[in-house]
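**Student:** Listed in order, the protein sequences are those of chains V and G.
Here the first sequence stands for residues 174 to 345, where the numbers follow our numbering.
Here the second sequence stands for residues 174 to 345, where the numbers follow our numbering.
Any given hint could turn out to be false.
Identical copies carry no separate label here, and so any pair may be met within one copy or between two of them.
[Unchecked claim] Derived SDA-like pairs: lysine to any residue, alpha-carbon spacing no greater than 20 Å straight-line:
| no. | residue 1 | residue 2 |
| --- | --- | --- |
| 1 | Lys-191 | Thr-262 |
| 2 | Lys-191 | Glu-332 |
| 3 | Lys-191 | Leu-325 |
| 4 | Lys-257 | Ser-180 |
| 5 | Lys-257 | Trp-218 |
| 6 | Lys-257 | Phe-195 |
| 7 | Lys-254 | Glu-231 |
| 8 | Lys-257 | Glu-231 |
| 9 | Lys-191 | Ala-335 |
| 10 | Lys-257 | Thr-326 |
| 11 | Lys-191 | Asp-244 |
| 12 | Lys-257 | Arg-183 |
| 13 | Lys-254 | Arg-220 |
| 14 | Lys-257 | Ile-182 |
| 15 | Lys-257 | Gln-214 |
| 16 | Lys-257 | Leu-194 |
| 17 | Lys-257 | Asp-187 |
| 18 | Lys-254 | Thr-298 |
| 19 | Lys-191 | Phe-327 |
FYI, nobody ran anything at the bench for these hints, they're computed from the structure.
There are 2 protein chains.
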Amino acid sequence: MTLDLRSKIRDVPDFPKKGILFKDVMPLIGDAAYFAESIRQLAEWSRPREPDLVLGAEARGFIFGAALAYDLGAGFIAARKPGKLPWETVEATYALEYGTDSLEVHRDSIAAGARVIVLDDVLATGGTAKAKCELVERLGGIVAGALFVIELTFLNGREQLAGHDVHSLIQY
Amino acid sequence: MTLDLRSKIRDVPDFPKKGILFKDVMPLIGDAAYFAESIRQLAEWSRPREPDLVLGAEARGFIFGAALAYDLGAGFIAARKPGKLPWETVEATYALEYGTDSLEVHRDSIAAGARVIVLDDVLATGGTAKAKCELVERLGGIVAGALFVIELTFLNGREQLAGHDVHSLIQY
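The following block holds chain V by itself, in its conformation from the complex (with noise of 0.2 Å):
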């Protein structure tokens, strides 16, 4: 029997402010049996598209990406916060509520024509994952896919990745 992700999410309210019912994937990831089942369904979409590499976003991106990578025989990249990684950067910005953001992974971290598995736990408006494959696109690479655990599917995120193969395990 398929285990239900979805019962292993709990919702807050008013996270991080007033409002907002956020969804919170640490029960899923602290049970060992939910968290290997969340990356065996993230690896059985990814396998098929070969990827070289996974690309996850700080923080709870780099918790299943980083296993995604080691269950695919991939290597991992971290997209950071500005100031973050410790060597040359390349940065592309996104926008928020009010005002932009902006994510950097290292400039030698992927290879021309690499295939790349952009990943985070929840697809929202789309801003981050978007600003990903452009970093990917830039360095060279191919965006093998856009992965979520997590799809908010009333923000329309999806509209922001128009061309790219997209996919989530459990929708809200």
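Position chain G against the provided structure of chain V, taking the given hints into account.
**Tutor:** Same frame as chain V, now just chain G:
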């Protein structure tokens, strides 16, 4: 032939501030074969200690910790900076060069009696590792081992972890 993990650690001078020679693990993580070998070595040490959980601190600790947890068939617990975890937390404070900082875990993340491998990428002064061990024990868990990819032996971090089983893959 065993891959030499050390060959994939990049020295970055003057990061995060002047005079510090930063050990950058990103080239190791980004190389599929070396990343897999690092997780294999971490798992080899961990497995006989029969962990139920792996606890890692943000952000690089999430990368090695999640892949290790997945390999071991364990759950993963995220230790985060204050305010980042959405639900009820417990907190441990540790000393910095100037002032203090804290780490939190969710209050329900570790069942009483659970065996926990406390993992981080670098053992430096040992302050954060000690705080993580305290969090495990405060929640009734058992520290099954304190594990690191890199150990900066000249900083004597092991002294902070007296009474615990400590291991690192690479020493400087």
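**Student:** Work down the list of hints and note, for each, if the structure agrees.
**Tutor:** Going through the hints against the structure:
1. In this assembly of identical chains, Lys-191 and Thr-262 lie within 20 Å of each other by CA distance solely across copies; the values are 19 Å between and 35 Å within a copy.
2. Taking the shortest alpha-carbon separations for Lys-191 and Glu-332, neither the intra-copy value of 26 Å nor the inter-copy value of 44 Å comes in at or below 20 Å.
3. For the identical chains of this complex, Lys-191 and Leu-325 are intra-copy neighbours only, at 18 Å inside a copy versus 43 Å across copies, given an alpha-carbon limit of 20 Å.
4. Taking the shortest alpha-carbon separations for Lys-257 and Ser-180, neither the intra-copy value of 34 Å nor the inter-copy value of 22 Å comes in at or below 20 Å.
5. For the identical chains of this complex, Lys-257 and Trp-218 are neighbours neither inside a copy (30 Å) nor across copies (30 Å), given an alpha-carbon limit of 20 Å.
6. Proximity of Lys-257 to Phe-195 under the C-alpha cut-off of 20 Å is restricted to the inter-copy arrangement: shortest distance 12 Å between copies versus 25 Å within a copy.
7. For the identical chains of this complex, Lys-254 and Glu-231 are neighbours both inside a copy (8 Å) and across copies (13 Å), given an alpha-carbon limit of 20 Å.
8. Proximity of Lys-257 to Glu-231 under the C-alpha cut-off of 20 Å is found in both arrangements, the shortest distances being 10 Å within a copy and 12 Å between copies.
9. For the identical chains of this complex, Lys-191 and Ala-335 are neighbours neither inside a copy (31 Å) nor across copies (43 Å), given an alpha-carbon limit of 20 Å.
10. In the homo-oligomer, the alpha carbons of Lys-257 and Thr-326 never lie at most 20 Å apart, since the shortest distance is 31 Å inside one protomer and 24 Å across protomers.
11. Proximity of Lys-191 to Asp-244 under the C-alpha cut-off of 20 Å is found in neither arrangement, the shortest distances being 38 Å within a copy and 38 Å between copies.
12. Within a single copy, Lys-257 and Arg-183 get their C-alpha atoms only as close as 29 Å, which misses the 20 Å cut-off; across copies the closest is 15 Å, which meets it.
13. In the homo-oligomer, the alpha carbons of Lys-254 and Arg-220 never lie at most 20 Å apart, since the shortest distance is 28 Å inside one protomer and 34 Å across protomers.
14. Taking CA atoms no more than 20 Å apart as the test, Lys-257 paired with Ile-182 passes between copies only; the shortest distance there is 17 Å, against 29 Å inside one copy.
15. In this assembly of identical chains, Lys-257 and Gln-214 lie within 20 Å of each other by CA distance neither inside one copy nor across copies; the values are 30 Å within and 27 Å between.
16. In this assembly of identical chains, Lys-257 and Leu-194 lie within 20 Å of each other by CA distance solely across copies; the values are 15 Å between and 29 Å within a copy.
17. In this assembly of identical chains, the alpha carbons of Lys-257 and Asp-187 lie at most 20 Å apart only when taken from different copies (13 Å versus 28 Å within one copy).
18. Taking the closest pair of Cα atoms, Lys-254 and Thr-298 come within 20 Å of each other only inside a single copy of the chain (18 Å); across copies the shortest separation is 25 Å, beyond that limit.
19. In this assembly of identical chains, Lys-191 and Phe-327 lie within 20 Å of each other by CA distance solely inside one copy; the values are 19 Å within and 47 Å between copies.
Checked against the numbered hints listed earlier, the structure breaks hints 2, 4, 5, 9, 10, 11, 13 and 15; every other hint is satisfied.
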